[in-house]
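Line by line, the protein sequences are chains A and B. For the first sequence, the working numbering gives the first residue as -10, with consecutive numbering after it. For the second sequence, the working numbering gives the first residue as -10, with consecutive numbering after it.
You may find that some hints are simply not true.
Said to hold, decoys possible - A few chain A residues facing chain B, derived, Cβ under 8 Å: (1) Y171; (2) L215; (3) G235; (4) L238; (5) S240; (6) I244; (7) F252; (8) V254.
FYI, nobody ran anything at the bench for these hints, they're computed from the structure. Beta carbons: idealized from backbone N, C-alpha and C, even for Gly.
Number of protein chains: 2
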Amino acid sequence: MSMIKGSVGTVVTQYYHHTAPLVLESGDTFPSLTLAYETYGKLNRDRNNAILVCHALSGDAHIAGFHEGEDKPGWWDAVVGPGKAFDTDRYFIICSNVIGGCKGSTGPSSINPQTGKPYGAKFPVITISDMVNAQKLLIDHLKILQLYAVAGGSMGGMQALQWTVSYPDMMKKAIVIAATGYSTPQQIAFNEVGRKAIISDPEWNGGNYYDTGSYDAPGPVKGLALARMVGHITYLSDESMHAKFGRSLQSKDRIGFDFSTDFAVESYLHHQGDTFTQRFDANSYLYITKAIDYFDLTKDGSLVKGLAEAKAGFLVISVSSDWLYPPYQSQEIVSALTANEREVRYSEIRSNYGHDGFLLESGQVNYLISQFLSRTIVGDVMFRNVPTIEEGATTAVTARRMINLEVNHLPVLSGDGHLVGIVTSWDIAKAVAKNFLWLDEIMSKDVHTTTPDEPIESAAKKMEEHSISALPVVDADQHLIGLITSDAISTLVGRGNP
Amino acid sequence: MSMIKGSVGTVVTQYYHHTAPLVLESGDTFPSLTLAYETYGKLNRDRNNAILVCHALSGDAHIAGFHEGEDKPGWWDAVVGPGKAFDTDRYFIICSNVIGGCKGSTGPSSINPQTGKPYGAKFPVITISDMVNAQKLLIDHLKILQLYAVAGGSMGGMQALQWTVSYPDMMKKAIVIAATGYSTPQQIAFNEVGRKAIISDPEWNGGNYYDTGSYDAPGPVKGLALARMVGHITYLSDESMHAKFGRSLQSKDRIGFDFSTDFAVESYLHHQGDTFTQRFDANSYLYITKAIDYFDLTKDGSLVKGLAEAKAGFLVISVSSDWLYPPYQSQEIVSALTANEREVRYSEIRSNYGHDGFLLESGQVNYLISQFLSRTIVGDVMFRNVPTIEEGATTAVTARRMINLEVNHLPVLSGDGHLVGIVTSWDIAKAVAKNFLWLDEIMSKDVHTTTPDEPIESAAKKMEEHSISALPVVDADQHLIGLITSDAISTLVGRGNP
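Chain A with its partners taken away, still in its complex shape:
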């Protein structure tokens, strides 16, 4: 493995062949399917440090590191690796190519097992929800009961959001970047132009152009290049294009007064369009853009209702100059989550790069995601099944319980299970000194508590302020559900978390 600092090094794409059927949102069924995926870092013993990162329209499973013999790293290498936001020293990162794609997962260019030929336009129409359901099969296959997080930008952000609704208990955290809760007519319009360009190309031929078995052969390359050109404009901002190209001419001293390429921006777009046709399948472009258009998490027209089932703690990020998925769409997600009393943090990346800013502003993205992922809450690290003692006990019984269970704190509960106090070994010592016989005489009744969703930084501060070494964790009804100790927090900080 070549060791580049901060890089995951050489990686290989793996394939999961799922041999059972998957029913799609349309009602159609895949009899079986394949998912290409890559993983980085190690799954820990508790299998609870896995993060699924979802890719955008033209992405693939290769998010970080290098494929043998290639010198171009994965598409989000800037934020995935040792010490980066998706820290492979701490997390087990998973990325899989979406179904409908052309990078190893079952898509229109795959062989239809029922005909022995490529699906082409016979491939069923899929949705973001179908993509997520397929990913769920992979996560199950990896025997991960709960993801630490799902994350993604653009269409990847839509998948992350869909995950929180389709499988609310399957993740602790969700990171949604430069995305939306539903596709808008402007987004649909741009996608439809791209599709129309492909379908209008005579080489598309009703989706049957796989004769040579490889999609970088003929096919509707002109249409696909056009689609990509349109798409690419929407990924940049007016300002970034100014900065990058201005009105610079391409290999000319003056305008040509003909229809050859005059401006650098034209040359750049042609190049983007042409190279895209070397690496992407036109039919996949049709199916994936359709899935994006269909994406709509509103319910009865309400995103608040649509996100009501989500349970994850959220980080929502937008890019200031993104006009394809403008900040207001991220803010709508934040508002809907807040209305559902979900924990949500929102940040707008300051950038002139437009939509692509989520890939290019890796400094800001690294910072925001690192801060978010390492923001452990009390619920993540508290002890559950905490030994307690009932009020009315004697000091002698209390002391024996402590010694037997080898604990230093005993929350004191009333008969109906409410937290009424806490007693420590130090209180026992006091009882001994002053000859108190009953627990009531020695326990602290003015108990400081915390809740599962309080950040550990805040809990730690509370302990320091009150010179105490543990905090009972209670629910809204003041029922005891756990205990957090300074020892546990200290250990956590020492080794990094989770």
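Following the hints, put chain B in place on chain A, whose structure we already have.
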């Protein structure tokens, strides 16, 4: 003529055949050319009430009223007609189809006199400046020495701006709406996508598709429709598309899970694309978008330098939600004009309609243009060659001069031509009463003055405040250059102006 209130009624397109050559910016020459144009209202005796309105990419000469047998009015009927901003009761409105177009003026679908066949791709590449030079031939033909104003939105605004630079003395006023001083890379990129769509269409056939002699025959209709679809998205705003379409389905109860049209916005775009191919020539689309791309009034990278020669009084208007020609581009024009000490008024139309707002917000456009056009300045209505008298004259000489010249005011000049006072017939009466013999004893020495660029409203107010009936007009050196009287202003207001 059918009389619809506020309409110019039935109109006919006229044709000016210019039989002399026109040299183009590229160095190519048209041996002769034709301009289709329409006019509305009457040219006054002084031939100084003409306004040239320039059209946008897909526009034509038919700006207002109705063609015989048609029930759709001209493209800017909302602002051209009796009592509207371009008031045909006061102004003589001219609109001509640009060269390169396909609406009657010489363009790629016209017959090349040298070959007897349509120009096609042999048509020379033209620029906005060439369009303006061709329009100038028409204005000369109409024997108009100076236009009262040139005006236009989008590409029409570019032409208006170009006019003020190419022919600075040819207009008093210029109205530039939703335009720019130079095309940006984003604008070029969208145009290039459109051109690429047309050229990629096999039916384009190198520009030779006029076999049937009519461009609504085969031709590259798929490519042209695509180009129009892209263009149309850029004319709308995200917000207006939300309002107009939302995620409404087109003739469906639920999404179709296929590639037929799902959303209303898709159907709308298809319709826009398809109908456009019935009325527009693909080659004209290539040539006109190229002219737009080439448009760049900066000189040595500076719009200040580029607009240095302009002399007109300007009204610059942008649309708040226009992202194709965003307000900052209009503001750059305003800044450059201001730096050149030109008179310029700027307004941003509040609208959610995007670029199309300049056509759709006719209420705001009517108001702003009306206000601007009727804002007459002192220089427009002052008397020049004003009789004066030198200081040191006797009251008797002064009185005789007044009577002989039939004037009521005589500005008093020093030996070196500076204005030092003013004398009226009332002062003469005073001299008689008090037996003053010298002009010095009776003239007002604390003279209120005005300047040629002061709005007449302001000059009128000054006269009222000081209970005087005339104001000498002076230049920056206090040299007398004219006189404005309350009688003249009163007459003007009574008959409307100019």
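Taking the hints in turn, this is what the structure says about them:
The restraint placing A:Y171 at the interface with chain B holds, with a minimum CB-CB distance near 7 Å, inside the 8 Å limit. Annotation: interface hint on A:L215 holds; nearest CB of chain B at approximately 6 Å, less than 8 Å. Restraint check, A:G235 versus chain B: the minimum CB separation of about 7 Å is within 8 Å; hint holds. For A:L238, the interface hint is violated, since its Cβ never comes within 8 Å of a Cβ in chain B; the closest pair sits about 11 Å apart.
Below 8 Å, beta-carbon pairs count as interface contacts, and A:S240 has none with chain B, the closest being about 16 Å; its hint is therefore violated. Because the smallest distance between the Cβ of A:I244 and any Cβ of chain B comes to about 6 Å, under 8 Å, the interface hint for this residue holds. Nearest Cβ of chain B to the Cβ of A:F252: about 5 Å, under the 8 Å cut. The hint holds. Because the beta carbon of A:V254 sits about 4 Å from the nearest beta carbon in chain B, less than 8 Å, this interface hint is met.
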